[in-house]
Amino acid sequence: MNSEPKNTDAFEPKIVAFVCNWCTYLGADLAGTNRLEYPANVRIIRLPCTGRVDFNLIVKAFEIGADAVLVSGCHPGDCHYTAGNFHARRRWNLFRELLDTVGVDTNRVYFSWISAAEGAKFQSLVTEIVEKTREMGPYEEYQSIVAEA
Amino acid sequence: MENELRNAIRELLEKQEIDVAIGYGRVGVDGAVGAVFVTSPDDVEQIVWNDECRQNLAVHLTRPEVKAFGKIGIVVKPCDARAVVVLANEAQVDLDLLTIIGVVCSGIKRAKPDGTTADEYYAKCETCVQHTPQNVTLVVGDVAEGEALDAKNEQNAATAGNNAKLAKLRAMTVEERFAYWREQFSRCVRCYACRQSCPMCYCNRCVADKNRPTRIDTSASLKGNFAWNILRAFHLAGRCVGCGACASACPAGIELDLLNLTVSDAAKEHFGFVAGTEFGVDPLIGTYADDDKEEFIR
Numbered sequence: 002m003n004s005e006p007k008n009t010d011a012f013e014p015k016i017v018a019f020v021c022n023w024c025t026y027l028g029a030d031l032a033g034t035n036r037l038e039y040p041a042n043v044r045i046i047r048l049p050c051t052g053r054v055d056f057n058l059i060v061k062a063f064e065i066g067a068d069a070v071l072v073s074g075c076h077p078g079d080c081h082y083t084a085g086n087f088h089a090r091r092r093w094n095l096f097r098e099l100l101d102t103v104g105v106d107t108n109r110v111y112f113s114w115i116s117a118a119e120g121a122k123f124q125s126l127v128t129e130i131v132e133k134t135r136e137m138g139p140y141e142e143y144q145s146i147v148a149e150a
Numbered sequence: 013m014e015n016e017l018r019n020a021i022r023e024l025l026e027k028q029e030i031d032v033a034i035g036y037g038r039v040g041v042d043g044a045v046g047a048v049f050v051t052s053p054d055d056v057e058q059i060v061w062n063d064e065c066r067q068n069l070a071v072h073l074t075r076p077e078v079k080a081f082g083k084i085g086i087v088v089k090p091c092d093a094r095a096v097v098v099l100a101n102e103a104q105v106d107l108d109l110l111t112i113i114g115v116v117c118s119g120i121k122r123a124k125p126d127g128t129t130a131d132e133y134y135a136k137c138e139t140c141v142q143h144t145p146q147n148v149t150l151v152v153g154d155v156a157e158g159e160a161l162d163a164k165n166e167q168n169a170a171t172a173g174n175n176a177k178l179a180k181l182r183a184m185t186v187e188e189r190f191a192y193w194r195e196q197f198s199r200c201v202r203c204y205a206c207r208q209s210c211p212m213c214y215c216n217r218c219v220a221d222k223n224r225p226t227r228i229d230t231s232a233s234l235k236g237n238f239a240w241n242i243l244r245a246f247h248l249a250g251r252c253v254g255c256g257a258c259a260s261a262c263p264a265g266i267e268l269d270l271l272n273l274t275v276s277d278a279a280k281e282h283f284g285f286v287a288g289t290e291f292g293v294d295p296l297i298g299t300y301a302d303d304d305k306e307e308f309i310r
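So the sequence lines, in the order shown, correspond to chains A and B. With positions in the first sequence counted from 1, the corresponding number in the working numbering is that position plus 1. With positions in the second sequence counted from 1, the corresponding number in the working numbering is that position plus 12.
Just so you know, these hints were derived from the structure itself, not from any lab. Errors might be hidden in some of the hints.
[Unchecked claim] Derived lysine-lysine pairs resembling DSS-like cross-links, with alpha carbons at most 25 Å apart: (1) A:122 x B:305; (2) B:180 x B:164; (3) B:177 x B:124; (4) A:61 x B:222; (5) B:121 x B:180; (6) B:83 x B:121.
Only a predicted model underlies this, so the values are computations on that prediction, with no experimental measurement involved.
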């Protein structure tokens, strides 16, 4: 792992990842057991299923300072609860549109399917999200409404 | 037409086909139009019909104290009629106990801040192509006139009213949009008039009122206002019929109908779904198809 002392002034993005217990969490676990290195900027929150990911959680993540949010679960057809990810997919289709109209940057909201066998996919996606978010900079816009009482 | 409506309701009450009629009446101290509950044929003169009938009376159908009346007759505008369909599809009303009295509507006029009526129709009425109520027990009014209005609006429905506003909003950058809503939501006082006026907001306990844990900031802060308005708009996904009751009830004049229109537009675009057009349809959220779009999912 990177043992060099960090430049404390540099922007380190905070990424919140809502992952499902059965696929993406195990995918992330696999990335770890395989010693696949990925940035430590991602905070993984394990939930039973992507169907459990209430859209409020995404809003809440931005409220508490996330610079980007990832929601990830089983591939279609692989859901432990048969259809949780199908329900989630339908919801996100609409929720993205709402976020876009409200002016929340949808480039900061990622959705993915990562199976328990795809440790490498988890590594590459998280690396990409962190890099892109670093380029975009902190999500000051949303933070500005939090600061304003 | 007002008399026609009164006669229809009088007849229903006299034949005891309904126990109560929910209609519009001049109930406010200044003669403002609101809901009246008529239980006797002698009182039907209380019922009015004009272009100030802003409320969506379907909001009363889910209230236990209204259900206690038994057989209900309800006066609906064409947009409100769709709300009744959604409520029935969500098993919130018993159609056997319901007589839906649809009124041919020629548009509803905006209220000025002082309570008087402006000489201006609601934006939703400018693009309305459904002046004759569908899925109702009986229709009151001149259907031909309604159809003529439909035809008149059909030409510019996509480019006028709220559709024009939404197109303008979509043409902005994401930062500009955020600034736009920031200004709008900064006026929100969290009175929840939108929630009270909406037939679809029938939860016994709203998630906004839950405090163990608190889901959204309950104070009228920008943070809480964003969370609340996003929450409400999305809880109406695939359910909002665009009656505009929330926007007309909002004391701060927030363009809530625009938010709702975004989601119902998306529902139409992605899933070909329009809420409240027919009985017996499964809700949009809560069902799925194997081939739902997923081009945005990595």
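**Hints not upheld, ascending by number** = 6
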